[in-house]
Amino acid sequence: MAWRLHPRITQVVAKTILWAFTGLTLLILVFIIVNISVKGLPQVTLSFLSQDPTDMGRHGGIFSTIIATVYLTLLAIALASPLGVGTAIYLTEYTREGWATRIIRFGAECLAGVPSIILGLFGFVLFVMKLGFGWSIISGGLTLAIMVLPIIIRTAEEAIKAVPQEYRQVCYSLGMSQWQTITRIVLPSALPGITTGIMLSVGRSLGETAVLLFTAGAALRTPTSLFDSGRTMAVHFYILAREGISMPNAYGTAAILMFSILLINLVAYGLMQRMMRRFS
Amino acid sequence: MNTEPNKIRLEHLSFFYKDFQALNDINLEIRPQEIFGLMGPSKSGKSTLLTVLNRMCDLIPRVRVEGKVWLDNEDILAPDCDVVNLRRRVGLVLSKPMPLPRSIRENLVLAPRLAGRPHQELEELMEKSLQAAQIWEEVKDRLHDSALKLSGGQQQRLCLARTLAMEPEVVLLDEPTSGLDPISTAKIEQTLFELKKNYTIILVSNNTKQIARATDRVAFLLMSQIVEIGDTHRVFTVPKDKRTDDYISGRFG
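Taken in sequence, the protein lines are chains U and V. Just so we're aligned, residue 866 is where the first sequence starts under this note's numbering, counting upward by one. Just so we're aligned, residue 9 is where the second sequence starts under this note's numbering, counting upward by one.
Treat the hints as calculated values from the structure; they're not laboratory data. Nothing here was measured: the structure is a model prediction, and the numbers come from that model. Every residue gets a Cβ at the ideal spot worked out from N, C-alpha and C, and that includes glycine. One or more hints might be untrue.
Listed below are several chain U residues computed to face chain V (Cβ distance under 8 Å; list not exhaustive) [claimed, not checked]:
id: 1; residue: Arg1049
id: 2; residue: Leu1056
id: 3; residue: Thr1060
No farther apart than 25 Å at their CA atoms in a straight line, the calculated lysine to any residue pairs in the SDA-like style are these [unchecked claim]:
id: 4; chain 1: V; residue 1: Lys26; chain 2: U; residue 2: Thr960
id: 5; chain 1: U; residue 1: Lys1026; chain 2: V; residue 2: Lys205
id: 6; chain 1: V; residue 1: Lys136; chain 2: U; residue 2: Arg1049
id: 7; chain 1: V; residue 1: Lys104; chain 2: U; residue 2: Thr957
id: 8; chain 1: V; residue 1: Lys51; chain 2: V; residue 2: Arg221
id: 9; chain 1: V; residue 1: Lys157; chain 2: U; residue 2: Pro1053
id: 10; chain 1: V; residue 1: Lys104; chain 2: U; residue 2: Pro1053
id: 11; chain 1: V; residue 1: Lys51; chain 2: V; residue 2: Phe28
id: 12; chain 1: V; residue 1: Lys51; chain 2: U; residue 2: Gln1030
id: 13; chain 1: V; residue 1: Lys104; chain 2: U; residue 2: Ser1042
id: 14; chain 1: V; residue 1: Lys205; chain 2: V; residue 2: Leu133
id: 15; chain 1: V; residue 1: Lys26; chain 2: U; residue 2: Pro1053
id: 16; chain 1: V; residue 1: Lys51; chain 2: V; residue 2: Lys250
id: 17; chain 1: V; residue 1: Lys195; chain 2: V; residue 2: Glu114
id: 18; chain 1: V; residue 1: Lys250; chain 2: V; residue 2: Arg225
id: 19; chain 1: V; residue 1: Lys136; chain 2: V; residue 2: Ser159
id: 20; chain 1: U; residue 1: Lys1026; chain 2: V; residue 2: Asp66
id: 21; chain 1: U; residue 1: Lys1026; chain 2: V; residue 2: Gly75
id: 22; chain 1: V; residue 1: Lys157; chain 2: U; residue 2: Gln1034
Could you build all of it, start to finish, from the sequences and the hints given here?
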């Protein structure tokens, strides 16, 4: 008879291996955070945050890159949110499932799969060259918006679908129009989920470099108009590290960027939890 | 001038879900200020009939309706019928209590407010409707609490009150007391009796005893067709059709 392990032993072995995998994942995360923090946080002072970079970023702070990051992210979200949520409402409320919705959804999925460097090239050709916006906040914002659109459509669609069908029946049976039903009942119920998608998009935008190298440029001045070029924190980090300008300042920038994204992900996670509680 | 003595009149109404015929040549008249009962086994077409009366059937894909339904003198199946307005006139209470995830007060006033009722009327409208649905005393001190915290029976009466707050002309009730305890059921039936003075009520129920207690006239549906229509007392004492007799005495297979 073949020799077999006792189920209790296989159980222990499986548990140990799975625990090790989980531990490894956590360890990688912790290592990155600790590494960036140790090398970066010593650079982070009030003046690092409040001064503009000087001498190509060798000295001074990162103030202008923070401003450029905020502008680009806000612009991208401001453009993509209404478009994405609008598309999601159309797909879930105004059409029946059919070939049209499948094509739109497939299109959104494909858009999500386009590598950001390709999107950057597309933005460069269309916005920077063809439309003549140049390397600018507006070119970068538009291209980032295209990049995060599928995330927003997808999460908003799921959130809207999760609103119980009976709510809509009740609203219609009370003589509420479709638009009233959507704005008064469906969207408020779906709001935590929609917000989660928007927060994820903010995180994506903050960390993006490839798209922005092509479309927003890398000017170190604080952008003052939509048509000014601007360098985001992520791009700044890339250039400082790539061209060996100043590793300490690169790590300082990375630390600020990383903690901003962590904070945003935490907020998004919190919102997701709230939504789950509400609909379970 | 309104020469139509009936509130609702159905002429040769047939209804199809894809290839299943849920209603077959229904002819029916419903008088103003009566409680009209629809009884029959499940899948006999009772609920389908209700969904046609306020066009909730529009929400279901791939259905087909034939025939005519008159509300007063208006053909509600006509393509130019204003469905939103129709649903304000013909209210529906669903079988499963389904409060919206809002406060008790908001559940009551949301739809009237969106229908354009002036703000100063809303408070009075809310109190009147909650009283009519026999739930005012239980909720008057917590109108701002979530409606989801109410018990099942309270939720069902809240949903009835919510429909009444639209001040419809006709109230459709789809098994309003299924899943309720006898005390809540008695309260709802009491409410219906009071409401009859002002509204035309159509009550769908699986419970023949409830139909016998609560309705003035009744139609017995079986396999998508009407078997018998008449005064409730008469139908329950001397049914004309053998199948009606079998159904009300519980001998149905």
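Do the hints match the structure? See the list:
no.: 1; hint: Arg1049; result: holds, 7 Å
no.: 2; hint: Leu1056; result: violated, 12 Å
no.: 3; hint: Thr1060; result: violated, 17 Å
no.: 4; hint: V:Lys26 to U:Thr960; result: holds, 19 Å
no.: 5; hint: U:Lys1026 to V:Lys205; result: violated, 41 Å
no.: 6; hint: V:Lys136 to U:Arg1049; result: holds, 24 Å
no.: 7; hint: V:Lys104 to U:Thr957; result: holds, 24 Å
no.: 8; hint: V:Lys51 to V:Arg221; result: holds, 23 Å
no.: 9; hint: V:Lys157 to U:Pro1053; result: holds, 19 Å
no.: 10; hint: V:Lys104 to U:Pro1053; result: holds, 22 Å
no.: 11; hint: V:Lys51 to V:Phe28; result: holds, 11 Å
no.: 12; hint: V:Lys51 to U:Gln1030; result: holds, 22 Å
no.: 13; hint: V:Lys104 to U:Ser1042; result: holds, 22 Å
no.: 14; hint: V:Lys205 to V:Leu133; result: holds, 17 Å
no.: 15; hint: V:Lys26 to U:Pro1053; result: violated, 34 Å
no.: 16; hint: V:Lys51 to V:Lys250; result: holds, 20 Å
no.: 17; hint: V:Lys195 to V:Glu114; result: holds, 23 Å
no.: 18; hint: V:Lys250 to V:Arg225; result: holds, 18 Å
no.: 19; hint: V:Lys136 to V:Ser159; result: holds, 21 Å
no.: 20; hint: U:Lys1026 to V:Asp66; result: holds, 19 Å
no.: 21; hint: U:Lys1026 to V:Gly75; result: violated, 35 Å
no.: 22; hint: V:Lys157 to U:Gln1034; result: holds, 21 Å
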